[in-house]
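Colleague: First to last, the protein sequences are chains A and B. Heads up: the first sequence begins at -19 in this note's numbering, then just goes up one per residue. Heads up: the second sequence begins at -19 in this note's numbering, then just goes up one per residue.
Hints may contain errors.
For identical chains, the list gives no copy identity; a pair is met inside one copy or between any two copies.
As the list claims (entries may be wrong) - In silico DSS-like cross-links for lysine-lysine, where the CA-CA straight-line distance does not exceed 27 Å: (1) LYS82 - LYS48; (2) LYS216 - LYS109; (3) LYS108 - LYS123; (4) LYS15 - LYS150; (5) LYS(-5) - LYS47; (6) LYS(-5) - LYS150; (7) LYS10 - LYS151; (8) LYS109 - LYS150; (9) LYS82 - LYS15; (10) LYS10 - LYS(-15); (11) LYS48 - LYS108.
Keep in mind that the hints were calculated from the coordinates and are not lab data. Computed from a predicted model, the values in this text were never measured in an experiment.
2 protein chains.
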Amino acid sequence: MSPFKFIMEESERRKGSRIVLALDVIDEHKNLLAKAMGILGDAYEHICALKINHHLVLPLGVFDGVKKILDKAHDLGLPSIMDCKANDIGHTNRVIAENYYKAGFDAIIANPFVGWEEGLQPIFEVAKKMSRGVILLTYMSHKAAWEGYGQMVYDAASGEASPQYLIFAKKALLWGADGVIAGATYPEKIREIYAVLRGIVPIYSPGIGMQGGDIEMALSAGAHYLIIGRSIIDAKDPAETAKRIKNSINKVLSERLGSRP
Amino acid sequence: MSPFKFIMEESERRKGSRIVLALDVIDEHKNLLAKAMGILGDAYEHICALKINHHLVLPLGVFDGVKKILDKAHDLGLPSIMDCKANDIGHTNRVIAENYYKAGFDAIIANPFVGWEEGLQPIFEVAKKMSRGVILLTYMSHKAAWEGYGQMVYDAASGEASPQYLIFAKKALLWGADGVIAGATYPEKIREIYAVLRGIVPIYSPGIGMQGGDIEMALSAGAHYLIIGRSIIDAKDPAETAKRIKNSINKVLSERLGSRP
């Protein structure tokens, strides 16, 4: 098993949680770091990993404020994922991966749309060298996801058309990705993606709560980790809310699904 | 004309150059800011705009080192473009756009693959409100560009298949983009993209020099601005090299193409 998949499974087991907290805090600059640190400190017992996006990276800096958050996450035993959705040429992707991993991220998210050669290949190379993870986008949670992720791609050789998200799922298997993203707002897509990945590559699913996704539908379709952001960070009591969501997930897993997926 | 297209045309006229300098400097952290500032100070007379990518943003921070570079670029009369290739959900794209524009960038680059609703729409809204620009990717310069940008997309309604890059070019027109990216390594794609955009949306073309693209072929296919990075920043004399490339471009424009494109 890859190092990142292993630390995620370990963390899930230790915490009894499949929640990846999306720490997408928005606030005035002077309050931002303290607020993010506070929510992490409140909710850490009920989550198995942390996901950071540009909400924190741009105002706080990767090697400045964000590094402090990553250090705290590691002290709390939490793996950290950078949601940079890397989609540049290989030369730049290498720089992106090296910087985020060096700052302490355990995995980064990338877009398979750029392809392999001089595209994502250098990210996978850096990840392997540094024992870190790569998670690929297969279907996003927003309304316009149909425009790109849902489009039908025509293969001149076979004469057949396939949905873009299944092409991406196959690349995730082929390239040895440590996870894929598939939005909880589209459980029917999660189901099809799971049928390709068969549990070999775990599905991380954002879009629960504020965006309309449903825990039970996402899990029963094949999502393994649920990425939760605004429902927890905008709650009056983030710890209590994270605990409640964790329990809802575990109830679904034990009552309805047994240990699957 | 949109504010960003206007300042680009003004800058091109004033500088007599169509070079957008990609300041993708790689060095030890302690030397990075000084080296980037030095190259900008050397080459500024021969370029019409500056493009910054994660090579500087991640190590230096947007509101720290990068802001110093942007302030210098503006003092030198140069518009600045952030090559973030934004491809997130709308909620996050809004944060990305607001931060980069607030730091002083005049335009950002985004990937039309994410679509409009809850996708790129918020970026265009923020750009309009702050009088800044949005440049969309249509075809990138790397080897694997065929995998995504070059794929054939099947439209069930019409029963026809179109290349992804022409779908993106049409979206650039429809959404009112201020420019598109099309790699100089694929002049035949630039020609097809130009046939859709007809000069209404200018083509920015990376990939000249190190990646194998040719100035004359890119310009005659319809590229307007040429994005040059490593050829200038890795040169022994960046100013002299930038001047030489500027003159080569202007020679092609005057001798072979008249004032077109």
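Colleague: Are there hints from earlier that the structure breaks, and if so, what are their numbers?
Modeller: 2, 4, 6, 7 and 10
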